[in-house]
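Undergrad: So you can see what is in the structure, the chains are spelled out below.
Protein chains: 2
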Amino acid sequence: MTTPDQGYVCHPWELRWRGLDVTQLERTESTFALSNGHIGMRGTLEEGEPRGLPGTYLNGFYEEHPLPYAEGAYGYPESGQTVVNVTDGKIIRVLVQDEPLDVRYGETATHERVLDFRSGTLRRTTEWHSPSGRRVRIHTERLVSFTQRAVAAIRYEIEPLDDDVQFVIQSDLLANEPIEPETGDPRVAVALEAPLVAEFASSKDYRAALVHRTARSGLRMAAAMDHEIDAPDSLETTIEAEEDLARLTAAVDVPRGGCLAVTKFLGYGWSSQRSAPALRAQVEAALAGAVQTGWQGLLAEQQGFLDDFWASADVEIDGDPELQQALRFGLFHVLQAGARGESRAIPGKGLTGPGYDGHAFWDTETFVLQALTYALPGSARDALGWRHATLDKARARARQLGLRGAAFPWRSINGAECSAYWPAGTAAFHVGAAIADAVTRYLNASDDIEFERQYGVELLVETARLWLSLGHHEATGEFRIDGVTGPDEYSAVSDNNVYTNLMAQQNLRSAADACDRQPDIAAAFGVDGTETSAWRTAADVMVIPYDERLGVHPQADEFTRYAEWSFADTPADHYPLMLNYPYFDLYRKQVVKQADLVLAMHLRGDAFSDEQKARNFDYYEARTVRDSSLSAGTQAVLAAEVGHLRLAYDYLAEAAFIDLHDLHHNVRNGLHMGSLASAWIAVVAGFGGMRNRGGELRFSPRLPPGLDRIAFRMCFRHAHLLVEVREAEATYRLLDGGSLDIYHFGDVVTVGEKDGVTAPIPPAPSLPRPSQPAGRAPIRREPERRRRDRAAGERERDGAVQETRKAPQA
Amino acid sequence: MTTPDQGYVCHPWELRWRGLDVTQLERTESTFALSNGHIGMRGTLEEGEPRGLPGTYLNGFYEEHPLPYAEGAYGYPESGQTVVNVTDGKIIRVLVQDEPLDVRYGETATHERVLDFRSGTLRRTTEWHSPSGRRVRIHTERLVSFTQRAVAAIRYEIEPLDDDVQFVIQSDLLANEPIEPETGDPRVAVALEAPLVAEFASSKDYRAALVHRTARSGLRMAAAMDHEIDAPDSLETTIEAEEDLARLTAAVDVPRGGCLAVTKFLGYGWSSQRSAPALRAQVEAALAGAVQTGWQGLLAEQQGFLDDFWASADVEIDGDPELQQALRFGLFHVLQAGARGESRAIPGKGLTGPGYDGHAFWDTETFVLQALTYALPGSARDALGWRHATLDKARARARQLGLRGAAFPWRSINGAECSAYWPAGTAAFHVGAAIADAVTRYLNASDDIEFERQYGVELLVETARLWLSLGHHEATGEFRIDGVTGPDEYSAVSDNNVYTNLMAQQNLRSAADACDRQPDIAAAFGVDGTETSAWRTAADVMVIPYDERLGVHPQADEFTRYAEWSFADTPADHYPLMLNYPYFDLYRKQVVKQADLVLAMHLRGDAFSDEQKARNFDYYEARTVRDSSLSAGTQAVLAAEVGHLRLAYDYLAEAAFIDLHDLHHNVRNGLHMGSLASAWIAVVAGFGGMRNRGGELRFSPRLPPGLDRIAFRMCFRHAHLLVEVREAEATYRLLDGGSLDIYHFGDVVTVGEKDGVTAPIPPAPSLPRPSQPAGRAPIRREPERRRRDRAAGERERDGAVQETRKAPQA
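As they're listed, the protein sequences go chains A and B. For the first sequence, counting from 1, position 370 maps to 370 in the UniProt record's numbering; every step adds exactly one. For the second sequence, counting from 1, position 275 maps to 275 in the UniProt record's numbering; every step adds exactly one.
Please note that a few of the clues may not be correct.
Footprint (simulated), chain A over chain B, 3 or more residues, beta carbon under 8 angstroms [stated by the list, open to error]:
(1) 474 to 486
(2) 491 to 503
(3) 557 to 564
(4) 579 to 585
(5) 775 to 788
Hint data in this document are derived by calculation from the structure and do not stem from the laboratory. C-beta: ideal position from N, C-alpha, C; glycine also.
Excised from the complex, chain A in its bound form (with noise of 0.2 angstroms):
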């Protein structure tokens, strides 16, 4: 993995990549993808092959398909969407003499790529020996920009290093490129084989642009492209555009010691009203604004913005160099998903690859908006934004569902439900109050009153109707949520889902709440006082079952009852468990996919003593399998409150490299935004034990062992909060003025500006570290110092050993 001449090399700032392996370019496409929120660009070559998966993604913007089903029933979903591989801009081919540069022939001497999270850039730089041995060096940079939200470029410079070199540069705008369909049904790979139709393609001088649609889903694009040469003076341009292709081809001799260097602006728009006109005449516009800026201005600008960024919110590991990279790569992405999407949905995948279809999933809101709120507040309104804009789709399927309120798809890209497969879908209505528990968290984040008006009520009002409607009061008064399921994957259509009950009731009462501070809101939406007493009711006696027998929380009513999982008899290459055992076995068994209950008692932790968490989590540790890349950041969170603080490190390391070690072997088809983002949640929630309610800012900090230094900046109502925590004591600043009260291990601290107030952090208690499944623990991860300190005592035990070994010999 870090081999001295092969694969990432630990950089604090970087994402770096040494040596040339063909087989892992789909790893590194998505490590190393680009994009804004808006735009994405898979880390494809740019002379366009080899190549793993290609990908350049318009958020938003899908084809339809129809759903398929053997046995269909009402309120199945008919038509499925996935995100479209839309034009390709990056590819920029190049004949070097007469041999096509490529680098599965000839030699590739060096090659090296740099994803670095301060330029927000990636660059490439390669020696390549062609087949007939020349030599070239070539070194790419480019960038989808953050100020520019419709721009990216890229800077492509070749240079021979021996003789004179005739360079032919072929900058390609690439429709409907060919790529090999992974699905089954053929009406879905027929809809997606060359889901483009050409619209409009026209060239000059170095510009050209093409618009397309799609044919089922009724979206346009347009992609145009614009260049800067600086080459010698035998320069030789053509250009030209057909349907699916637009060509600048480049032809001229660089002299040994010359170089031609090509910076190439590209500029991406879509709509589903504007006209092929109007679309070209916004990408031509993107394009204009790129050129005026030029490459040393967008790279600026972009740097500028990163410095912003980090300033805010970089997260530093003292202490374990590998983890500080990985934690800087996924918050890094975590920003790339959700900056500029802009009432957009940020999908599971950011805009890093085609997995899950393109969809957005509750674990957006849970996850990725748990940073998001904290780190880049903006862009986690702009995300709730899209849920905001989806809600009429929302209220037509809680009608056809039924239910009163708003039923938020399980997946999506534009709002309207696309699960095939109810139980896991439709019925994980948990969906809506990860959505309220967002706008919850961002309110109490941020005190943004003009987004609560705007947005806010009207999410928890229908949110909160949802549930009154979904659940029923029995005869015994007691409000029940039956027949959904929870986060858990390996559990669907329970009753009383302990998470879904308690996030719920959280949405009824946060609802009622916001129509109490917003009462003339909460009238346009038809709100009085008897439905927010309802919802108080409903939320005061809601059903949340526990087993005094075994002493713990259930999943959901009668899952403790249920059968264990023999996992002594799974063998270890039968993990994913749904991929070898049917859904029916897996739900009805004392089996949990992902964190259900743990995440309960991280977002509603107020509603356990700590005896509970101490006793739930040892007892869903036993059964948690992690199949799921949802679930280590949340383990490490209450593993970190409950006092395991090694196995919270394990489990922040686990949903920290998810994707730079391909934990789950699927990081060709995108990262894993949920996993990403939680380890910022396993560090700040974790081991900074942040917690918010309401307007209160809670810390309970505590170091892992091995560690010198923990810090954290987070945004919190307009102030820039800096956390230290060390061994003994944890250190609050304030990065940009004023003062802040906020709770350190329950005591209020003042915090201002200067040096900062520093508290002592309470030693934590020793407990025995739970187990897990038969082969399911963790990676044991040790920083480098523990590493090292506990080498220095295993010496010293294992001579310890050796005497006590020879003692019956004596």
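Use these hints to put chain B onto chain A, whose structure you have.
TA: Just chain B now, kept in the frame of chain A:
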């Protein structure tokens, strides 16, 4: 429905239809279908057109198609199976002078069709006036032979009513008849568009044969025809055969008063093993036998078979002629479905239509075999032989699901699971208990030791093993069966479904008992004392949930705590509910599609007290919507047992008229064999109160108000018993010697041949009629005498009412 000049006509031994209504052809093609359980022919007109849905079926002959899943999962079946419309031999086209005989043109002066339950033939008489005014009379009769399994035959007679006429007869074998597909899946449609691939065609003299195979399932079929023609001397014939068509053409001048009579003999066969020449030989041999027997011989054999059948299985209802007709109609079709299946399944629709893709379900064992066990025991044995033949597939399926024993398919033609929606398919493991129950019932009723040793023990052992691996002992020791689906399809994946647990309990005990009886066989299947005592222990501690607060059994854990369905808000046109409400909503509420707990009270009546039965019946009456045809018959049984005799009669009528009155609006796709059989059950187990546990045959007969007499015959351990029920007494008589101990209201009665034994019937309790969901009460049905009596009573009461009303004015 029984208008004088159009529609069904009441007759005790016939289904008779008068008049021509082209829009009704689809309905009557199903009700007039002929079958012997091996060959099925829908009741299309001989001329081929007009037609609704032509269909000729061979039991077990199917085509495969891929089952599509938008979201697949482990263990989902990949291939579906669909019954194929095979080569159509029913067609005899006629040219009358120069006009095709097509009843859509010209005028049909008279048209009558008769399905004769005693002759086992379908007769038809049509007088047709051609567009140019030529008048002809057609008389046809056809049969699918009960005695010659591979044979069908048609007698076609046509006579001119005015002048001499030239007739041209074209008698066809037609393969790949075009039918509109009903599926939404293009791949299924393609697979079934022209399912037969031609392999061989021959013709000579009056004989022809076609051999085809299916493209995917690799099954081969052959059809052959031969003819006898009785015609004037001018007859000219030709015969020819091409890939998908063989045709005998006969042209003849028939003088006024003369007649052209064609007898068409048909032979059918299929095989997954035999070659085309072997299969051709097989059907030609069958044909030679039929020709040698001759038309009159076939008629005589058919009549003889049916004489025997009715002598031991007839059901008589004195006082309700239409119901009498419907009951014989139903029993005749149940006979047709099962008579000569011989180790093939009995599909849900028999061989009367393409509904349910031609699949067999659990209702065959639960309802159809319940009737056949006592009406034609050998056919029940044969149908269980089919299950036995599929044991290897069921064992492999159990392994795939991580279970021991055998997991029989929810729906199948060849024994492999074809259900594409596991919560209502694979999870409905009670199919195994239904098979075990049918085995036990057949053994109780037949004492067939050979069957027990050859099939019974193995079926019981493998189904018992499934239950033991599917359930588990929880910490308290109780044996739970979690996450399965009971009969009610508006619930799914529940814990401790009472029906399932009780049937599993019986299955476990029956298996242990059978192993004790046949220790050598048990040992051959590896059963030892440890295993049988594990079965008995699990059965003894089986969880049977009971709601103490309400004093009723919940259908499954938690059921009685679920929200009530709002029947008041459910419009009448929103039934069946599953077409208008999502599964998730149905599953989590107290709404019942079909008898579930009530079916448990029938099949496991020993597990409930009389008081529990009465309370449970009332409770579930109020929540059962009968969107399934598999409900009314069972509700009739329990209504009768509890004492609601009028309600029981209403339900009996609903079960019996399901297809004649097209109550589910889908009779075009075939008859509901389960419902037709359950009408028999409603009479015998309902009003007869017949129960058969172990060797004991019990009766508690009660006559519904308004009938004069119910009588039924049944086979029991080589005896043929006649039971006659009158208002105050019942008479039991053996029809063929010997003597038999039965129970009459709990008292042993020894029945011999002569005049029988007569015993008094205690008066029924007088109970308030339970209520059903709004609008879902069964149609009230009153026997003729009762209608008459009531009308008289109402006149009296009306007088009284008027008097009372007058009083205030006085």
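Undergrad: Please go over all the hints and tell whether each is borne out by the structure.
TA: Taking the hints in turn, this is what the structure says about them:
1. Only when three residues or more bring their CB closer than 8 angstroms to a CB of chain A does the claim for the stretch 474 to 486 of chain B stand; here the count is 6, and the claim holds.
2. Here the stretch 491 to 503 of chain B counts 3 residues with a CB under 8 angstroms from a CB of chain A, which clears the bar of 3, and the coverage holds.
3. Here the stretch 557 to 564 of chain B counts 5 residues with a CB under 8 angstroms from a CB of chain A, which clears the bar of 3, and the coverage holds.
4. Only residues whose beta carbon comes within less than 8 angstroms of a beta carbon in chain A count, and the stretch 579 to 585 of chain B has 7; three or more means the coverage holds.
5. Coverage of the stretch 775 to 788 of chain B by chain A is violated [criterion: at least 3 residues with CB-CB distance below 8 angstroms; count 0].
Checked against the numbered hints above, the structure breaks only hint 5 and satisfies the rest.
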